[in-house]
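S.K.: From first to last, the protein sequence lines stand for chains F and R. If you count by UniProt numbering, then the first sequence holds residues 1 to 651, one letter each, in order. If you count by UniProt numbering, then the second sequence holds residues 1 to 651, one letter each, in order.
These aren't lab readings, by the way, just hints derived from the structure by calculation.
In silico SDA-like pairs for lysine to any residue, Cα to Cα no more than 25 Å straight-line:
| # | chain 1 | residue 1 | chain 2 | residue 2 |
| --- | --- | --- | --- | --- |
| 1 | F | K605 | R | G434 |
| 2 | R | K446 | F | G31 |
| 3 | R | K548 | F | F37 |
| 4 | F | K57 | R | Q543 |
| 5 | F | K265 | F | T351 |
| 6 | R | K493 | F | G23 |
| 7 | R | K446 | F | I602 |
| 8 | F | K33 | R | K446 |
| 9 | R | K29 | F | A441 |
2 protein chains.
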Amino acid sequence: MNSMETTSPPEVKHGVNFSAQRGFPTKLKSGLKETFFPDDPFRQFKNEEKTSRRLIKGLQYFIPIFEWLPNYTWRLFISDLIAGLTITSLAIPQGISYAKLASLPPLIGLYSSFVPPIVYAVMGSSRHMAVGTLAAASLLIGQTISTVANPEKEPVLFLHLVFTTTFVTGIFQACLGIFRLGILVDFFSHSTITGFMGGTAVILILQQLKGVFGMKHFSTKTDVVSVIKGIFANKHEIKWETTVLGVIFLIFLQITVFVRNRKPKLFWVSAIAPMCIVVISAVFVYIVKGQNHGIQIVGHLDRGLNPLSIKLFNFESKYFSAVLQAGFISGVLSLAEGIAIGRSFSVTDNTPHDGNKEMIAFGLMNTIGSFTSCYMTSGPFSKTAVNYNAGCKTPMANLVQAILMALTLLFLAPLFGRTPLVALSAIIISAMIGLIKYEEAIHLFKVDKFDFVICMAAFLGVAFISMDYGLLISVSLGLLRALLYVARPAPCKLGKLSDSGVYRDIEQYSASTFPGVLIIQVGSPIYFANANYVKERVMRYIQSEQDKSGDAVEYIILDLSGVTSIDTTAIGGLVEINRSLEKKGIKMSLVNPRLEVMEKLIASKFVDKIGKESFYLSLDDAVAASQYSLNTLKKNSTYDQDSVQETNHLA
Amino acid sequence: MNSMETTSPPEVKHGVNFSAQRGFPTKLKSGLKETFFPDDPFRQFKNEEKTSRRLIKGLQYFIPIFEWLPNYTWRLFISDLIAGLTITSLAIPQGISYAKLASLPPLIGLYSSFVPPIVYAVMGSSRHMAVGTLAAASLLIGQTISTVANPEKEPVLFLHLVFTTTFVTGIFQACLGIFRLGILVDFFSHSTITGFMGGTAVILILQQLKGVFGMKHFSTKTDVVSVIKGIFANKHEIKWETTVLGVIFLIFLQITVFVRNRKPKLFWVSAIAPMCIVVISAVFVYIVKGQNHGIQIVGHLDRGLNPLSIKLFNFESKYFSAVLQAGFISGVLSLAEGIAIGRSFSVTDNTPHDGNKEMIAFGLMNTIGSFTSCYMTSGPFSKTAVNYNAGCKTPMANLVQAILMALTLLFLAPLFGRTPLVALSAIIISAMIGLIKYEEAIHLFKVDKFDFVICMAAFLGVAFISMDYGLLISVSLGLLRALLYVARPAPCKLGKLSDSGVYRDIEQYSASTFPGVLIIQVGSPIYFANANYVKERVMRYIQSEQDKSGDAVEYIILDLSGVTSIDTTAIGGLVEINRSLEKKGIKMSLVNPRLEVMEKLIASKFVDKIGKESFYLSLDDAVAASQYSLNTLKKNSTYDQDSVQETNHLA
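Turn these sequences into a full structure, and let the hints steer you where they fit.
M.R.: What follows is the structure, given as structure tokens:
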């Protein structure tokens with residue numbers, strides 16, 4: 001240190017800025033902006049000077065179809081047409097199967113692939129999303145609503161409640177988007193979604209064993225233990241004919257999946273496989289007169305487009321809590337999944353994607369869907385992946401899907417009534433196997449044990465308790481983790497790297513420390529939840545420093561560079577630290593408080609209390625000042641010692 | 001920049017350490033230690049070599065009386081004796097008054113100042129804490145238990161349930177201490193406690209108007225609106241005699257407080273004032289035959305020490321949820337308050353204080369108290385402050401209090417039965433006025449608006465809804481704030497200070513930026529809750545940089561120095577950022593990832609994906625590298641420009 005030789009105090013090149021303070025409106029505005037508008041959404045048109053251009057840009061911003069349709073070409077349409085055809089061939093069997101998961105008439109599933117895709121084509125911001133019903137949400141809605149209305153005994157009431165749920169979901173999702181509360185969706189972490197999807201897949205596969213075994217009685221509960229018990233209790237009902245058919249279909253589907261995984265170009269093989277299974281199985285069962293062998297079929301399906309359902313809503317209070325519960329949970333869940341999927345494809349292709357717009361699009365899709373006999377739709381992963389692989393370029397593919405679905409409903413519906421249930425079960429099982437991402441769980445285990453726990457909590461919770469509890473436990477663990485982070489913000493001890501002004505964690509780098517001086521980088525934030533911890537931790541650093549080196553600590557330098565936020569409880573904590581240190585005769589310096597922190601330190605008179613001279617802008621300045629003052633002291637007490645001590649933990 | 005003139009790549013002095021990795025057991029151990037043992041509690045004796053000394057030190061650690069008693073002197077005893085006398089003179093009127101708040105017989109309040117202080121004297125770690133009942137907790141317990149048992153119609157059941165509550169509180173508090181869950185108490189911020197105390201003081205003052213006005217009927221609810229309505233409805237009951245007495249007492253008490261505030265040495269004036277009021281008022285009412293004028297008195301009090309109550313517990317399920325609720329809320333609350341008070345006095349005097357030991361002491365105090373007809377005790381602020389001012393040196397003052405209280409119970413109890421209720425009301429009102437800390441609220445408003453909102457939520461919630469809701473709303477707001485912090489960790493744009501290797505926020509300091517290079521300090525942590533935000537924010541920085549300067553950003557340098565923690569969702573987010581940047585032809589460098597972050601980046605193969613050459617240990621190195629590479633590019637394209645651009649926002 002240069003300062004060791006000088007006798008005048010070391011010169012400070014850059015002082016701390018005590019004057020930079022923002023007014024409350026500025027702070028509030030910037031806080032609100034960062035919280036709700038971090039992507040600065042109106043940037044695209046707020047700077048336009050002409051009102052007309054501004055209007056057009058605004059319209060394009062709020063209704064994305066105006067953005068892409070003016071530049072639409074035949075070339076793009078050919079791509080979208082092929083993609084649309086492919087997803088429709090998936091939409092028909094999935095629509096029928098998932099409707100059965102929700103205990104709804106199969107036609108509702110087909111209706112749900114007609115109206116919502118049109119809405120999404122107009123409002124959706126993602127280029128690749130394919131709209132359809134979700135297996136997990138279907139099961140969740142069916143289960144929750146069946147606690148207040150029996151789908152077999154009161155099918156009309158049940159149906160009306162499902163429409164009401166869809167309406168509630170839609171309004172809720174749209175509100176989240178309008179009020180820019182995408183932040184709520186962010187709290188469903190990747191680990192939670194992975195575990196939840198896996199757990200749902202397991203219980204869905206077990207549910208489908210009913211269809212594969214051709215059983216008539218089955219557990220009404222979904223957890224693994226109840227279902228397996230139920231199967232053993234009714235094992236005399238198992239029909240070998242359906243079982244054999246089911247296994248054959250499943251093997252066929254899994255082979256197509258295998259082919260797709262090997263040769264991604266052959267994605268269409270697995271995409272149209274479910275449709276093939278439906279057609280082949282229907283023909284086969286028709287020929288061999290499957291009914292005589294106990295092979296159940298979907299049953300009669302009427303021709304015709306979606307009837308209006310706007311007058312069927314049921315807001316009676318005795319059902320409403322179940323409706324709200326089903327609507328909120330499935331709404332947030334499908335958003336979390338849908339937005340994550342849309343984002344990942346948009347990143348791969350560098351196409352637009354806007355979480356808040358997606359929420360509004362999903363919300364409108366479900367609101368308008370609920371008026372026209374649809375139940376909850378979202379952007380399911382399997383369908384969206386197929387859409388992407390089939391080369392879709394714009395949401396036009398959803399329009400194609402809607403038109404094809406309308407034609408199906410008008411002319412072909414009765415044919416699909418002949419589909420055997422076992423084929424649908426095989427299709428669901430095959431889709432669900434792909435959702436159990438065990439490699440992902442292994443990856444989590446390797447990288448981050450807590451994320452693994454969060455993931456497994458969702459997986460096991462869903463599989464062994466219920467879907468909503470599993471989700472709740474996992475999200476709570478995530479929140480707990482975030483709170484624990486705030487409560488324990490990982491400070492570290494710094495040392496100086498030789499020949500540089502750079503200070504680094506001495507546990508990570510072999511950096512030099514200075515006898516009598518302790519440099520601590522404080523983790524962020526300093527809040528009520530950790531004010532006491534920070535104090536105890538600083539005291540422990542001092543204690544262990546003295547235990548280790550025998551030198552008494554005379555200077556403590558707190559590096560606040562990384563502290564982005566502080567509150568009054570924590571400022572009180574700093575006052576306490578300072579007072580305790582003073583009692584021990586230790587001097588405290590603070591280095592580089594950031595703007596927000598400095599504002600509060602000034603406002604609370606903390607700066608006046610400990611003095612502006614205790615603030616430094618760089619660690620080098622603070623260390624130099626401490627060295628100078630220690631040196632002066634030492635000279636006075638004719639005591640000297642080697643100044644720099646090497647610690648070499650990891651070199 | 002030196003690198004601008006050279007043609008070879010700039011030399012990197014210190015490279016990033018990719019090899020420092022800790023095993024899972026090490027990480028787990030350090031995580032658990034930081035979470036539950038941040039103060040390294042066993043340090044004092046775990047390093048002792050002799051087993052006997054280790055045992056003694058351990059005993060001293062766990063049972064603090066062994067620490068201070070061996071060195072106890074006559075001198076210390078004299079101080080403690082005076083302090084003990086003073087707090088007893090406060091304990092008698094407060095004990096009777098607060099018991100009435102809890103709808104309990106007055107004797108229970110006196111019993112509660114006999115046994116618990118003895119326990120605290122043995123187990124307590126604070127030197128200044130004076131044990132007694134709490135006004136707020138008394139009211140809370142009384143209210144909650146009265147929802148399942150009417151204190152007037154079923155007084156025995158009510159009493160037994162209060163003992164059970166005390167027992168539950170004790171066990172709960174001791175468990176918090178044993179399992180080192182002081183972290184839970186940390187979530188009651190200073191702002192919450194300030195607001196809660198103020199709100200409680202307001203409703204307690206209103207409650208006491210019953211006594212001051214000498215009314216017989218009064219609102220059973222505690223919120224401000226109901227109480228004021230109740231007073232107006234029964235205003236014909238108001239007795240002028242008690243009102244006049246009450247006002248006189250109150251003025252007298254407030255004058256003593258005023259004297260104490262002016263001359264802190266005269267603290268004893270206000271400390272013994274309540275006792276004087278009790279004696280004088282009792283004598284006065286006896287002389288003027290107050291009963292004839294409608295002045296109510298406490299009533300007959302039996303002589304004798306605490307009877308055993310261990311067999312009176314009632315764990316019947318129909319009452320147990322109320323018992324649990326009262327026990328948990330008042331338990332956590334009294335801990336939060338008691339620990340904060342103990343800590344603040346210990347800091348002032350530099351005497352020992354240990355939050356976890358306090359929790360165990362409070363827990364034992366209440367458990368043993370519940371066996372001996374006491375209800376919930378803690379360390380109330382008023383009593384502890386008096387104790388401190390009276391010069392107490394050790395918990396011996398509590399022992400003195402216990403002995404004096406025992407003598408009172410044995411010989412003087414009946415005399416205190418003659419105290420008029422109006423005197424008690426005046427004592428409570430006077431104590432409560434001191435708890436409305438409006439200056440503190442103003443301070444919060446000035447320093448931190450969110451803390452002010454948290455404080456006012458507690459205050460208004462308690463005053464206008466109920467105590468538990470007020471507390472719940474305020475704590476939830478605190479948690480919301482902590483979560484919002486994690487969701488929006490305040491990144492900032494850095495620039496270089498001239499003639500130094502120091503990079504600072506350009507909003508705060510006039511620092512130089514480099515064209516084509518964007519340096520962003522990322523806030524901590526990067527978590528699932530903010531992975532998407534971080535990405536959008538980085539993109540917005542790039543966008544606004546290009547909008548402002550017109551230069552395309554070619555390099556982005558993320559300073560991770562302050563990032564203490566990362567999870568898998570956020571690593572996925574970094575991958576997405578990198579992919580999006582690559583699509584735009586922008587190169588990303590990461591500077592100084594800390595140990596934990598680096599471990600996870602390596603484990604997740606992120607380092608392999610973006611290449612070790614993208615990591616730098618110091619911003620200077622990263623900037624030099626970017627300048628070199630930009631310069632080479634520019635030379636090749638025969639395009640040049642001034643390299644350093646001054647931004648001068650706040651100079």
